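Engineer: Read off the chains here:
2 protein chains.
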Amino acid sequence: MSAEAAPGVEPAEAEPGAAAGPGQQQAVLLAEMVEDAAVWCALHGLVVGDRADPRSGTVPGVGLVHAPFSLLPSRFPTSFWKQACELAPIFNELVDRVSLDGEFLQAALSRQVLNYILTTYRFSNFRTKQVDEFTARLLEIHEKMMAINKKEAIRLGLHRSDYMLDSETNSLLQIELNTISSSFPGLGSLVSELHRTLLNQYGKVLGLDSKRIPRNWAATQFAEALGKAWAEYNNDSAVVLMVVQPEERNMYDQYWLANHLKESYGVTTVRKTLAQVEAEGQVLTDGTLVIDGRTVAVVYFRAGYAPTDYPSEAEWKARLLMEQSSAVKCPSISYHLVGTKKIQQELAKPNVLERFLDSKEDIAKLRKSFAGLWSLDNEEIVKSAIEKPDLFVLKPQREGGGNNIYGHDVRDTLIKLQKEQGESLAAYILMQRIFPNASLTPLVRGGDCFEDLTISELGIYGAYLRNKDKVILNNQCGYLMRTKVSSSNEGGVAAGFAVLDSVLLTDE
Amino acid sequence: MSAEAAPGVEPAEAEPGAAAGPGQQQAVLLAEMVEDAAVWCALHGLVVGDRADPRSGTVPGVGLVHAPFSLLPSRFPTSFWKQACELAPIFNELVDRVSLDGEFLQAALSRQVLNYILTTYRFSNFRTKQVDEFTARLLEIHEKMMAINKKEAIRLGLHRSDYMLDSETNSLLQIELNTISSSFPGLGSLVSELHRTLLNQYGKVLGLDSKRIPRNWAATQFAEALGKAWAEYNNDSAVVLMVVQPEERNMYDQYWLANHLKESYGVTTVRKTLAQVEAEGQVLTDGTLVIDGRTVAVVYFRAGYAPTDYPSEAEWKARLLMEQSSAVKCPSISYHLVGTKKIQQELAKPNVLERFLDSKEDIAKLRKSFAGLWSLDNEEIVKSAIEKPDLFVLKPQREGGGNNIYGHDVRDTLIKLQKEQGESLAAYILMQRIFPNASLTPLVRGGDCFEDLTISELGIYGAYLRNKDKVILNNQCGYLMRTKVSSSNEGGVAAGFAVLDSVLLTDE
Chain A
1 MSAEAAPGVE PAEAEPGAAA GPGQQQAVLL AEMVEDAAVW CALHGLVVGD
51 RADPRSGTVP GVGLVHAPFS LLPSRFPTSF WKQACELAPI FNELVDRVSL
101 DGEFLQAALS RQVLNYILTT YRFSNFRTKQ VDEFTARLLE IHEKMMAINK
151 KEAIRLGLHR SDYMLDSETN SLLQIELNTI SSSFPGLGSL VSELHRTLLN
201 QYGKVLGLDS KRIPRNWAAT QFAEALGKAW AEYNNDSAVV LMVVQPEERN
251 MYDQYWLANH LKESYGVTTV RKTLAQVEAE GQVLTDGTLV IDGRTVAVVY
301 FRAGYAPTDY PSEAEWKARL LMEQSSAVKC PSISYHLVGT KKIQQELAKP
351 NVLERFLDSK EDIAKLRKSF AGLWSLDNEE IVKSAIEKPD LFVLKPQREG
401 GGNNIYGHDV RDTLIKLQKE QGESLAAYIL MQRIFPNASL TPLVRGGDCF
451 EDLTISELGI YGAYLRNKDK VILNNQCGYL MRTKVSSSNE GGVAAGFAVL
501 DSVLLTDE
Chain B
1 MSAEAAPGVE PAEAEPGAAA GPGQQQAVLL AEMVEDAAVW CALHGLVVGD
51 RADPRSGTVP GVGLVHAPFS LLPSRFPTSF WKQACELAPI FNELVDRVSL
101 DGEFLQAALS RQVLNYILTT YRFSNFRTKQ VDEFTARLLE IHEKMMAINK
151 KEAIRLGLHR SDYMLDSETN SLLQIELNTI SSSFPGLGSL VSELHRTLLN
201 QYGKVLGLDS KRIPRNWAAT QFAEALGKAW AEYNNDSAVV LMVVQPEERN
251 MYDQYWLANH LKESYGVTTV RKTLAQVEAE GQVLTDGTLV IDGRTVAVVY
301 FRAGYAPTDY PSEAEWKARL LMEQSSAVKC PSISYHLVGT KKIQQELAKP
351 NVLERFLDSK EDIAKLRKSF AGLWSLDNEE IVKSAIEKPD LFVLKPQREG
401 GGNNIYGHDV RDTLIKLQKE QGESLAAYIL MQRIFPNASL TPLVRGGDCF
451 EDLTISELGI YGAYLRNKDK VILNNQCGYL MRTKVSSSNE GGVAAGFAVL
501 DSVLLTDE
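Those sequence lines, one after another, are chains A and B.
The first sequence begins at 1 in UniProt numbering and counts up one residue at a time.
The second sequence begins at 1 in UniProt numbering and counts up one residue at a time.
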């Protein structure tokens with residue numbers, strides 16, 4: 001979180017000249033920094049496909065533009081940083097433990113699907129309906145795997161847990177835990193290097209020390225986890241299958257992983273869409289997943305996390321096919337389900353974490369990071385929310401987020417819901433509202449720099465790999481700061497477009 | 001030169017499938033290689049500004065596209081490769097020696113300007129007229145420096161000598177020697193790395209050994225030369241001034257040098273156009289060149305080599321200003337003039353090299369690389385050319401090339417010129433025609449691969465730095481293969497668009 005405004009640089013065009021005043025000097029400095037930064041991106045592969053080029057999401061090497069970034073790293077207190085890093089291996093372990101409890105997942109998520117059936121005619125719109133149908137389909141695959149008693153001996157998780165700093169409670173609160181397709185390990189690592197390079201050059205003038213940017217090896221560490229999972233599969237000619245969307249402007253983030261996998265582990269990555277997997281993939285009688293005549297050791301999903309990734313039955317067939325195979329799935333269907341919003345709620349309930357973890361200390365650490373989450377059968381909380389609606393967010397009980405209700409609308413909706421039947425209440429949950437500090441930050445997009453009010457979200461990557469009883473990896477590995485233009489000054493988490501960012505550790 | 005066709009790969013779209021035939025397998029292989037190569041370019045900064053994006057020549061980080069490249073390195077015989085590399089330090093020394101003989105430069109080039117005046121009304125078109133006016137202006141600056149007896153103690157040359165292999169004579173022949181703004185040291189180094197990476201991956205299948213691609217450190221070695229020149233200037237707070245064109249789609253080639261200069265030598269590079277230098281630069285009474293309040297140690301020209309770089313008197317003023325200063329010029333006006341076509345002709349005349357070099361062995365090596373060049377007062381040669389016009393090219397006696405006359409037109413033009421006055425003959429020269437082998441090569445441009453008939457030109461970079469009597473550097477440093485689509489099958493040097501390429505050494 002940028003608890004303070006960025007250092008004294010102003011987003012203005014440079015007007016170079018020999019006799020520049022202090023304001024002009026700042027403008028010249030800013031223009032130089034923006035140029036240096038944009039050049040650094042172009043030379044070091046910190047790039048994305050440009051929306052303006054229709055081929056940029058399908059043809060590599062064309063329509064490139066630097067990824068949008070914050071010109072300077074965002075300040076973040078060292079104590080909260082350490083807290084977030086410490087949580088990574090605990091969350092890794094939690095995901096693994098919960099994934100093994102198929103009954104728990106089925107019970108929690110079936111209730112959600114049931115709720116969906118009960119409330120669909122009254123509350124659901126097309127999008128939320130689609131999302132719960134999506135969960136139902138995932139659950140169906142999970143159920144099939146349970147029915148054949150399928151066990152995953154080698155389990156690989158590449159997670160990202162996202163946090164915000166809440167200024168009201170002065171605490172680090174988890175926003176969500178991503179267990180599928182955690183994005184930006186490749187570009188995120190590069191942004192940290194970009195900021196380090198800029199501060200090495202301009203840090204003295206700005207009063208910022210590049211050493212305060214934590215090293216970020218997310219890309220190489222994710223590649224290491226994929227490489228080690230590949231090695232556990234133990235077939236030298238096997239490949240990693242990266243499941244991708246048909247159009248992907250963030251392809252270079254993905255290609256960075258494939259690049260490290262090749263360079264450091266000699267492992268080839270094959271990219272396929274779900275539809276291509278359905279058309280070209282097969283599972284042999286011994287469970288081997290084969291595509292293009294090549295055995296797949298690891299399936300790494302960078303697609304398949306959203307309802308829109310499954311436009312037809314073909315994609316669902318592909319997902320089932322891969323799940324049935326002996327390839328290592330990153331994630332397996334169980335890992336994927338553990339990352340749903342509904343499971344996040346279940347885990348936040350009293351005595352649930354205790355079912356999965358032994359260490360009381362670990363449990364306390366996790367719980368400390370949970371924002372308050374309540375179902376509307378909790379009359380006391382509903383009463384509080386009607387009294388102080390600004391401290392809560394009213395959320396539809398659905399995967400996928402969005403359509404959140406804030407402020408006075410919380411009160412009005414709660415009163416309306418109370419007058420209706422019980423099923424209406426079940427369609428929503430109340431969540432503690434998080435108040436991140438907003439700060440003025442110089443952002444660079446499309447080569448242009450401008451200053452805007454922003455809030456930041458810290459993602460901590462975690463890698464977990466085990467083979468039966470042997471835990472091979474359980475690491476925190478790098479981070480991603482995402483800084484978002486604040487859509488309003490209400491201080492809510494609602495945010496506009498995001499830029500990539502890194503962390504500048506501060507003492508306070 | 002690609003003396004043989006590229007290995008068995010076909011430029012076709014991949015049609016992946018489990019049961020692919022040999023042709024399909026080749027197509028799949030080719031598609032994979034093209035994808036890998038384009039991705040490599042995007043991740044490693046082998047990029048240029050895309051002409052389709054109007055901002056790509058002025059705003060860094062936007063409108064990027066991979067540089068056009070040959071999918072595989074071009075075969076080149078080791079013996080000719082060694083010969084070309086050996087010539088680099090000799091040409092470096094030659095340039096330095098000739099640059100010191102101001103009278104020689106003035107005499108040779110004044111004759112050209114005189115010819116221009118004599119023939120301008122009859123033969124010159126706007127472009128060639130412009131070119132000779134350009135030489136006259138350069139000569140004027142040179143004359144001014146001679147008049148004040150200006151000596152350059154620290155002399156830095158970053159040259160590129162370009163060669164083709166002539167299949168008629170089986171010899172390596174020099175096309176030209178670039179003493180100003182030798183382009184592509186940055187991207188050229190990267191293409192060698194790209195090809196090495198591709199052959200490490202696909203070399204076995206293709207029967208090509210990546211170890212046969214010579215290492216190419218052109219970018220770091222040019223940066224080293226600039227860094228050492230900067231150190232000789234001996235002012236820790238001074239900068240390198242890179243003089244650039246207002247619009248430059250090849251900016252990343254230039255930025256790679258600035259990047260290495262910063263990383264390895266801690267030297268800051270300031271980019272300015274000639275017009276900006278005129279507006280913002282000044283020379284102090286002690287000769288110090290100052291721009292934006294910063295002392296310039298080295299002026300590195302990546303503009304100023306073409307008449308179009310001087311659209312007004314402002315640009316000429318800037319050139320003179322820098323030449324008058326004590327900054328190291330890369331190149332000085334003398335070095336620049338040594339690289340003109342006219343001086344190339346003069347140096348090819350009998351007994352001229354002997355005026356500048358002591359070693360007979362070196363002189364023999366240089367002379368061996370000179371293509372035949374004759375003025376039309378040589379009646380014997382004119383007779384030969386009328387008899388066998390296919391072995392000659394008739395060229396206008398001008399800087400800048402172009403408008404060359406080939407085949408039957410050589411005969412017709414010579415006969416016409418003989419009937420006219422002597423001044424007509426003086427407007428042209430005859431040059432030995434070079435017959436490079438053409439080969440079918442897969443080229444990648446804009447993400448698409450296609451095969452075309454190509455010829456190749458090998459550029460060898462050389463760096464030379466001395467301070468008074470002390471020669472600090474005299475190196476061959478890296479290379480650039482440029483492979484050009486052959487505009488016809490006549491075997492001439494006329495060529496269409498070029499791609500970046502590297503060398504695969506062969507035994508023959």
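Keep in mind that the hints are not guaranteed to be accurate.
Where chains are identical, the list cannot tell them apart; a pair therefore holds if satisfied intra-copy or between any two copies.
Claimed, not checked - Computed cross-link-like contacts, DSSO-like style, restricted to lysine-lysine with a CA-CA straight-line distance of at most 27 Å:
| hint | residue 1 | residue 2 |
| --- | --- | --- |
| 1 | 470 | 395 |
| 2 | 204 | 262 |
| 3 | 204 | 228 |
| 4 | 383 | 262 |
| 5 | 211 | 388 |
| 6 | 262 | 211 |
| 7 | 416 | 211 |
| 8 | 470 | 228 |
| 9 | 211 | 368 |
| 10 | 419 | 151 |
| 11 | 82 | 395 |
Hints are computed from structural coordinates only; laboratory data are not their basis.
Computed from a predicted structure; not experimentally measured.
Engineer: Please sort residue 262 with residue 211 into within, between, both or neither, judging by C-alpha distance up to 27 Å.
Structural biologist: between (30 Å within a copy, 19 Å between copies)
Engineer: State whether the alpha carbon distance between residue 470 and residue 228 is at most 27 Å within one copy, between copies, both, or neither.
Structural biologist: Within one copy only: 13 Å inside, 55 Å across.
Engineer: Could you figure out if residue 211 and residue 368 sit no more than 27 Å apart (CA to CA) within one copy, between two copies, both or neither?
Structural biologist: neither (29 Å within a copy, 57 Å between copies)
Engineer: Under a CA distance limit of 27 Å, which applies to residue 383 and residue 262: within one copy, between copies, both, or neither?
Structural biologist: Neither, since 57 Å and 62 Å both go past 27 Å.
Engineer: Classify it for me, residue 82 with residue 395: is the Cα-Cα distance of at most 27 Å met within a copy, between copies, both or neither?
Structural biologist: neither (30 Å within a copy, 72 Å between copies)
Engineer: Pop the pair residue 419 and residue 151 into one bin, within, between, both or neither, using alpha-carbon distances up to 27 Å.
Structural biologist: neither (47 Å within a copy, 95 Å between copies)
Engineer: When no copy is specified for residue 416 and residue 211, does a C-alpha distance of 27 Å or less occur within a copy, between copies, both, or neither?
Structural biologist: Neither: 54 Å inside a chain and 75 Å across chains, both beyond 27 Å.
Engineer: Which holds for residue 204 with residue 228 at a C-alpha limit of 27 Å: within a copy, between copies, both or neither?
Structural biologist: Between copies, since 26 Å is at most 27 Å while 41 Å is not.
Engineer: With identical chains, the pair residue 204 and residue 262 could be close in the same copy or across copies; at 27 Å between alpha carbons, which is it: within, between, both, or neither?
Structural biologist: Between copies, since 16 Å is at most 27 Å while 38 Å is not.
Engineer: Can you tell me if residue 211 and residue 388 fall within 27 Å by alpha carbon in one copy, between copies, both or neither?
Structural biologist: The answer is neither: 43 Å in one copy and 72 Å across copies each exceed 27 Å.
Engineer: Could you place residue 470 and residue 395 in one of the four classes (within, between, both, neither) given a Cα distance threshold of 27 Å?
Structural biologist: neither (40 Å within a copy, 77 Å between copies)
The earlier numbered hints that this structure contradicts are 1, 4, 5, 7, 9, 10 and 11.
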